[in-house]
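Asker: Following the hints, complete the assembly by docking chain F onto the known chain Y.
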Amino acid sequence: QKEVEQNSGPLSVPEGAIASLNCTYSDRGSQSFFWYRQYSGKSPELIMSIYSNGDKEDGRFTAQLNKASQYVSLLIRDSQPSDSATYLCAVLNAGNNRKLIWGLGTSLAVNP
Amino acid sequence: DAGVIQSPRHEVTEMGQEVTLRCKPISGHNSLFWYRQTMMRGLELLIYFNNNVPIDDSGMPEDRFSAKMPNASFSTLKIQPSEPRDSAVYFCASSTGGRELFFGEGSRLTVL
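Protein sequence lines correspond, in order, to chains Y and F. Residues in the first sequence are numbered from 25 upward in steps of one, following my numbering. Residues in the second sequence are numbered from 262 upward in steps of one, following my numbering.
Think of the hints as simulated: they come from the structure by calculation, not from any bench. Each residue gets a CB set at the ideal place from its N, CA and C atoms; glycine is no exception. Do not take every clue at face value.
[As the list claims (entries may be wrong)] Listed below are the simulated DMTMM-like cross-link pairs for lysine to aspartate or glutamate, each with C-alpha atoms no more than 25 Å apart in a straight line:
(1) K66(Y) to E305(F)
(2) K91(Y) to D79(Y)
(3) K123(Y) to E279(F)
(4) K285(F) to D79(Y)
[To be verified] In silico contact screen, one side only, chain F against chain Y (beta carbon under 10 Å); selected entries:
(5) Y296
(6) Q298
(7) M300
(8) R302
(9) G303
(10) E305
(11) D317
(12) F335
(13) F352
(14) A354
(15) R360
(16) F363
(17) G365
(18) R369
Pulled out of the complex, with its shape left as it was, chain Y reads as follows (with noise of 0.2 Å):
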């Protein structure tokens, strides 16, 4: 069974703060790596991919992806209240299935 694993949370940082969300994933030959996030209430939108090794910058966000360790994070730095929410990590496994395999998020809350 491929799996992707999130800590649930929920995660509470004071506001400026860095928050460091983790995923795991089983599926050594996956190659495509997603960070949702979804407000309360609303659907997932896509804030980051990432497909080799290493780190990934996005204004605030930072993506590391870890193939060896089969480890992908999500920095984000200066949190504000508005990053409140649940970050979704998302693996495309390998092989002719190729379909997103999804963690069940990490709940966030930035406290001003």
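Answerer: Same frame as chain Y, but now just chain F:
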């Protein structure tokens, strides 16, 4: 540009009734996905279409669920007969190339 459009936004029905959910994908997107989201199981892929053809329906729970995509701009997900355990938020998403998914606002189904 309009995003993915789903209807109805909310549906309350009684057990045994037929439920039809509708989706209009983003124009030009060739892949369409139906997901179900619950607190316990997260986002579950029910079925996806590529160029209007069903590619993978292994996530459809049972024969009570069916989906169609008669043309590139319309898809339906039907549940007949509905059961209380079908209560969830159903999302439709579309994409080109299967990487970034654009989600509709979802249809919240409650089966009494």
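Asker: Each hint: holds or not?
Answerer: Hints versus structure:
For a cut-off of 25 Å, the pair hint linking K66(Y) to E305(F) stands: about 16 Å separates their Cα positions. At roughly 12 Å between alpha-carbon atoms, K91(Y) and D79(Y) fall within 25 Å of each other, so this suggested pair holds. Among the hinted pairs, K123(Y) with E279(F) is inconsistent with the structure: their alpha-carbon atoms are about 29 Å apart, more than 25 Å. Distance restraint check for K285(F) and D79(Y): the Cα-Cα separation of roughly 36 Å exceeds the 25 Å cut-off, and the hinted pair is therefore not satisfied.
Below 10 Å, beta-carbon pairs count as interface contacts, and Y296(F) has one with chain Y at about 8 Å; its hint therefore holds. At about 9 Å, the closest approach between the beta carbon of Q298(F) and any beta carbon in chain Y falls short of 10 Å, and the interface hint on this residue holds. Annotation: M300(F) was flagged as interfacial toward chain Y, and the flag holds, the nearest CB pair being 9 Å apart, inside 10 Å. A cut of 10 Å between beta carbons decides the hint on R302(F): the least distance to chain Y is about 8 Å, and the hint holds.
Hint status for G303(F) relative to chain Y: holds, with the closest Cβ pair at about 4 Å, below 10 Å. A least Cβ separation of about 8 Å between E305(F) and chain Y falls short of the 10 Å threshold, and the interface hint therefore holds. Contact between D317(F) and chain Y, as hinted, is supported at the beta carbon level, the nearest pair being about 7 Å apart and thus within 10 Å. Interface restraint check: F335(F) against chain Y, minimum CB-CB distance 19 Å, threshold 10 Å, status violated.
Checking F352(F) against chain Y by beta carbon gives a least distance of about 6 Å; that is within 10 Å, so the hint holds. Checking A354(F) against chain Y by beta carbon gives a least distance of about 8 Å; that is within 10 Å, so the hint holds. Restraint check, R360(F) versus chain Y: the minimum CB separation of about 7 Å is within 10 Å; hint holds. A hinted interface residue such as F363(F) counts as satisfied when its beta carbon comes closer than 10 Å to some beta carbon of chain Y; here the least separation is about 8 Å, so the hint holds.
Given the 10 Å rule on beta carbons, the hint for G365(F) holds: about 6 Å separates it from the nearest Cβ of chain Y. Because the closest C-beta pair between R369(F) and chain Y is about 9 Å apart, less than 10 Å, the hint holds.
Of the numbered hints given earlier, the model fails hints 3, 4, 12; all others are met.
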